[in-house]
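J.: Heads up: the sequence lines are chains A and B, in that order. Plus 57 on top of the position in the first sequence (first one is 1) and you've got this note's numbering. Plus 306 on top of the position in the second sequence (first one is 1) and you've got this note's numbering.
Quick caveat, the hints were computed from the structure, so don't treat them as lab data. Here the structure is a predicted model, which means the values were calculated and not measured. One or more of the hints may lead you astray.
Incomplete in silico selection of chain A near chain B, CB under 8 Å [what the hints assert, rightly or not]:
hint	residue
1	PRO69
2	ASN70
3	THR72
4	ARG73
5	ILE81
6	ASN104
7	LEU105
8	GLU109
9	ILE132
10	ALA133
11	LEU163
12	GLU165
13	ARG168
14	SER179
15	CYS182
All C-beta atoms, glycine included, are put in the ideal place defined by N, C-alpha and C.
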Amino acid sequence: MSDNFEIDIKVPNQTRYLSLIGKIGEDIANTIRRYCGDRLDLAYQVNLVLTEAMSNAIQHAPGASGEEHQIHINIAIINDNLHIKVYDRGQGFDPSALPEPDAKGLEEGGRGIFIIQSIMDSVTCHKDNGGHVIEMIKYLP
Amino acid sequence: MNTQIEDKGAVVLIEVHEDRLDAHNSGELKTLMLGLFDEGKNNMIIDLKDVRFVDSSGLGSLVSGFKNASARNGNLKLSGLQPQVRSMFELTRLHRVFEIFPDAEEALTSF
Numbered sequence: 058m059s060d061n062f063e064i065d066i067k068v069p070n071q072t073r074y075l076s077l078i079g080k081i082g083e084d085i086a087n088t089i090r091r092y093c094g095d096r097l098d099l100a101y102q103v104n105l106v107l108t109e110a111m112s113n114a115i116q117h118a119p120g121a122s123g124e125e126h127q128i129h130i131n132i133a134i135i136n137d138n139l140h141i142k143v144y145d146r147g148q149g150f151d152p153s154a155l156p157e158p159d160a161k162g163l164e165e166g167g168r169g170i171f172i173i174q175s176i177m178d179s180v181t182c183h184k185d186n187g188g189h190v191i192e193m194i195k196y197l198p
Numbered sequence: 307m308n309t310q311i312e313d314k315g316a317v318v319l320i321e322v323h324e325d326r327l328d329a330h331n332s333g334e335l336k337t338l339m340l341g342l343f344d345e346g347k348n349n350m351i352i353d354l355k356d357v358r359f360v361d362s363s364g365l366g367s368l369v370s371g372f373k374n375a376s377a378r379n380g381n382l383k384l385s386g387l388q389p390q391v392r393s394m395f396e397l398t399r400l401h402r403v404f405e406i407f408p409d410a411e412e413a414l415t416s417f
């Protein structure tokens, strides 16, 4: 029996919604039936990846024109793999061009994309309809 | 942000009573610490026993506090990390930067 499903969420690009999106991610991790790994870890990781990707989208959204933008998030389980897409109106980024955080660790920022890349098996960013989409896949054992 | 601040002699203990330390509230923690530095309080313990989730912004605010404390010849130490929060420090190698203690009492006696 297939466990495939897909959820589309649109929220204002405000940090107050990070917790809500993170919790939805945790619930999805707990819903996947066929998963052999540590479920608590997976729930934390999905929460974290969604939080980081959404924060990145909020941070790089167009300037304060007074117009409120939305962040569009798509979460899907397809053939036992977790697919997450976060659409935004920002400038996008090249995941392969981002350096690892300094091992001395004294930079205040720049860890978000590194964290996403550490957790997910595939991370890509491409243009989409006037904005960008970051697309992340995790292969679930 | 829900915090409790206690003066413990030469050290200030900040208990973060939040489920999450993320991009929504990490700026508040940073501002709170800067206010304490301005008062000359350069030795701090940040107790995270209630914090279940930390993201890169939360880590960044703690690094900011650590750098500010060090620049003032003080120190910022952490206590009470839940296992998954601790794993964030290991992933980003920040466990090599901070002194991390099981609880606030042990952190306090280390000063």
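J.: Taking the hints in turn, state whether each one holds.
T.: Verification of the hints:
{"no.": "1", "hint": "PRO69", "verdict": "violated (13 Å)"}
{"no.": "2", "hint": "ASN70", "verdict": "violated (12 Å)"}
{"no.": "3", "hint": "THR72", "verdict": "holds (4 Å)"}
{"no.": "4", "hint": "ARG73", "verdict": "holds (6 Å)"}
{"no.": "5", "hint": "ILE81", "verdict": "violated (14 Å)"}
{"no.": "6", "hint": "ASN104", "verdict": "holds (6 Å)"}
{"no.": "7", "hint": "LEU105", "verdict": "holds (6 Å)"}
{"no.": "8", "hint": "GLU109", "verdict": "holds (6 Å)"}
{"no.": "9", "hint": "ILE132", "verdict": "violated (18 Å)"}
{"no.": "10", "hint": "ALA133", "verdict": "violated (23 Å)"}
{"no.": "11", "hint": "LEU163", "verdict": "holds (6 Å)"}
{"no.": "12", "hint": "GLU165", "verdict": "holds (4 Å)"}
{"no.": "13", "hint": "ARG168", "verdict": "holds (4 Å)"}
{"no.": "14", "hint": "SER179", "verdict": "violated (18 Å)"}
{"no.": "15", "hint": "CYS182", "verdict": "violated (17 Å)"}
Of the numbered hints stated above, those contradicted by the structure are hints 1, 2, 5, 9, 10, 14 and 15, listed in ascending order.
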